[in-house]
Amino acid sequence: MSYSLPPLPYAYDALEPWYDKETVTLHHDKHHAGYVNGLNAALEKLEAARESGDFAAAKALSKELAFHGSGHVLHTIFWENMKPEGGGKPMGEIAVQIDNDFGSVDAFKKQFLAATNSVEGSGWGILGWSDELGKLLVLQSEIHQNLAVQGIVPLLVCDVWEHAYYLKYQNKRPEWTAAFLDNLVSWENVNQRYLNARCK
Amino acid sequence: MSNHSVKALPYAYDSLTGISKQVNEWHHDKHYAGYVAKRNEIETKLAELKEKAGNANYSEFGELKRRETFNASGQILHEIYYDIMGGDGSADESLDVVKKIVEDFGSFDAWKEDFKLTALSALGWAILSFDPSDGKLHNFLVDMHNNGAVWGSSPLVPIDVFEHAYYFDYGPDRGSYVDAFINNLNWTKINELYKNATR
Numbered sequence: 001m002s003y004s005l006p007p008l009p010y011a012y013d014a015l016e017p018w019y020d021k022e023t024v025t026l027h028h029d030k031h032h033a034g035y036v037n038g039l040n041a042a043l044e045k046l047e048a049a050r051e052s053g054d055f056a057a058a059k060a061l062s063k064e065l066a067f068h069g070s071g072h073v074l075h076t077i078f079w080e081n082m083k084p085e086g087g088g089k090p091m092g093e094i095a096v097q098i099d100n101d102f103g104s105v106d107a108f109k110k111q112f113l114a115a116t117n118s119v120e121g122s123g124w125g126i127l128g129w130s131d132e133l134g135k136l137l138v139l140q141s142e143i144h145q146n147l148a149v150q151g152i153v154p155l156l157v158c159d160v161w162e163h164a165y166y167l168k169y170q171n172k173r174p175e176w177t178a179a180f181l182d183n184l185v186s187w188e189n190v191n192q193r194y195l196n197a198r199c200k
Numbered sequence: 001m002s003n004h005s006v007k008a009l010p011y012a013y014d015s016l017t018g019i020s021k022q023v024n025e026w027h028h029d030k031h032y033a034g035y036v037a038k039r040n041e042i043e044t045k046l047a048e049l050k051e052k053a054g055n056a057n058y059s060e061f062g063e064l065k066r067r068e069t070f071n072a073s074g075q076i077l078h079e080i081y082y083d084i085m086g087g088d089g090s091a092d093e094s095l096d097v098v099k100k101i102v103e104d105f106g107s108f109d110a111w112k113e114d115f116k117l118t119a120l121s122a123l124g125w126a127i128l129s130f131d132p133s134d135g136k137l138h139n140f141l142v143d144m145h146n147n148g149a150v151w152g153s154s155p156l157v158p159i160d161v162f163e164h165a166y167y168f169d170y171g172p173d174r175g176s177y178v179d180a181f182i183n184n185l186n187w188t189k190i191n192e193l194y195k196n197a198t199r
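In the order they appear, the protein sequences are chains A and B.
Just so it is clear: in the first sequence, position 167 is 167 by the working numbering, and no numbers are missing.
Just so it is clear: in the second sequence, position 126 is 126 by the working numbering, and no numbers are missing.
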C-alpha cells in the first residue's frame with residue numbers, strides 16, 4: 001500500500017494574510033509531496049529487501065524511513081492544525097491540561113515560542129502528549145525526527161524549516177511563529193488530537 | 001577573546017548573477033552575522049560560566065560546547081562561501097586547482113556533476129575539500145554546519161544549501177541555485193585557497 005498526499009483541508013489562499021498562497025502552494029504541493037514520495041520509496045525498497053533477503057542498505061533505509069515518514073506525518077498534522085481565522089485561546093479539555101502542565105496559557109505560549117524560535121537549523125516546535133509521562137510536553141524537533149521523547153504524540157506542530165516561512169517572513173522566524181500561534185491555530189483540532197491521544 | 005567580527009562582503013550586494021541583492025543582504029547581514037554574534041556570545045558565556053559541570057547527558061557547559069561548533073563552523077563556511085564568489089565561473093585549465101580537479105575527478109564536468117548531486121543531497125553544505133590524509137580533492141556532504149566534516153581537510157568551495165541561501169530567489173528549485181553559484185565562482189581565489197591548503 002502506498003501513501004498519497006492528503007489534499008489541503010482549505011483553499012490555498014485561505015490562510016491569508018498570515019500565510020501566503022505562494023508559500024502554502026509550494027509547501028504543500030512540492031515539499032509535503034516530496035516526503036510522501038520519499039516515504040513510499042523507502043517502504044518499496046524495504047519490501048524489495050525483504051523479498052531478496054539483502055539487507056545491506058538497512059541502515060540507510062531505516063534513516064530514510066524515519067526522515068520521510070516523520071516529514072509526512074508532521075506536515076499532515078501541521079495543515080490540519082491551522083484554519084482561517086484561527087488563533088485565540090485553547091478550548092476544551094486541552095485548555096485544562098495546559099493550565100495543569102504549564103501553569104497558564106501564557107506560560108505555555110511563551111515556552112512554545114521560545115522553543116520553536118530556537119530550533120537549530122531546520123525543524124519543528126511541537127506540543128505533544130506523552131501517555132507514559134502523563135503530561136503535555138513542548139519539544140523541539142531537528143530535521144523531522146531528531147530530539148523526540150519516545151512515545152510522544154504530536155498535537156500542535158509549527159514548521160520552522162525555512163521553506164515554511166522564508167518567502168513571507170525571511171529571517172524573521174519569530175514573526176512567523178507568532179502569526180501561527182495567534183492567528184492560524186485551530187484549537188478544536190488540537191483538542192481533538194489530545195482526546196484521541198490520551199488513553200490513560 | 002570573543003571578538004570575532006563580521007567580514008564585509010568582498011563585492012557589491014547586487015554584483016552576483018542569479019543570486020539577488022535582497023538574498024545577499026539577508027544572508028550576509030542577518031544569517032552570517034548571526035553566527036558570528038552567537039559565537040562571541042557562547043565564548044563569553046563559557047568564560048563566565050560559574051558552575052562548569054561536565055555531563056554527557058546534559059549540562060549547560062556541554063550544550064554551550066555543542067553550540068560553539070555549530071556557530072563557529074557557520075561563521076567559517078559563510079566567509080569562504082562569500083570569498084570565492086564574485087567571479088565569472090570560468091575555470092582556467094592552467095590553474096593548479098583545476099588541474100587537480102581533472103586529475104581526481106576525471107574531468108571538470110565530472111566534478112561539477114558530483115558537486116551538484118552532493119549539494120542536492122545535503123541538509124547544510126556541499127564542500128569541495130582538500131584532504132591531506134590521501135592528498136586528494138573530495139566533495140564532502142555536511143549537514144547543519146558541523147555534521148559530516150572530515151578532520152584536517154580544507155574547505156575550498158563550500159555551497160550553502162540551507163533554504164535561506166536560495167528560497168527567495170528560486171523557491172524549491174535548488175538545482176538552479178547550484179548552477180548560479182557555480183557560475184559566480186572566482187577560480188583564482190579558489191586556487192589561492194588550494195595553494196594554502198597544500199603548502
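Mixed in with the good hints there might be a few duds.
[As the list claims (entries may be wrong)] When the alpha-carbon atoms are kept at most 27 Å apart in a straight line, the in silico DSS-like pairs for lysine-lysine are as follows:
| no. | chain 1 | residue 1 | chain 2 | residue 2 |
| --- | --- | --- | --- | --- |
| 1 | A | K59 | B | K30 |
| 2 | B | K7 | B | K99 |
| 3 | A | K30 | B | K7 |
| 4 | B | K116 | A | K110 |
| 5 | A | K109 | B | K52 |
| 6 | A | K135 | A | K110 |
[Stated by the list, open to error] One side of the interface only, derived from the structure: several residues of chain A facing chain B at Cβ under 10 Å:
| no. | residue |
| --- | --- |
| 7 | K30 |
| 8 | E44 |
| 9 | I143 |
| 10 | L147 |
If you are wondering where the hints come from, they were derived from the structure by calculation, not from laboratory data.
Every residue gets a Cβ at the ideal spot worked out from N, C-alpha and C, and that includes glycine.
Here's how the hints hold up against the structure:
1. Restraint check for A/K59 and B/K30: the C-alpha separation of about 37 Å exceeds 27 Å, so the hint is violated.
2. Under the criterion of a C-alpha separation no larger than 27 Å, the hint pairing B/K7 with B/K99 is inconsistent with the structure, at around 30 Å.
3. About 36 Å separates the Cα atoms of A/K30 and B/K7, which puts this hinted pair outside 27 Å; it is violated.
4. A threshold of 27 Å between alpha carbons decides the hint, and for B/K116 with A/K110 the separation of about 41 Å lies outside it, so the pair is violated.
5. The straight-line distance between the Cα atoms of A/K109 and B/K52 is roughly 31 Å, outside the 27 Å bound, and the hint therefore fails.
6. Using a Cα cut-off of 27 Å, the hinted pair A/K135 and A/K110 holds, with the two alpha carbons roughly 18 Å apart.
7. Checking A/K30 against chain B: minimum C-beta separation of about 5 Å stays under 10 Å; hint holds.
8. The interface hint given for A/E44 is broken, as the beta carbon of that residue sits about 19 Å from the closest beta carbon of chain B, more than 10 Å.
9. With its C-beta approaching chain B no nearer than about 7 Å, A/I143 sits inside the 10 Å limit, and its interface hint holds.
10. The beta carbon of A/L147 comes no nearer than 12 Å to any beta carbon in chain B, farther than 10 Å, and the hint placing it at the interface is violated.
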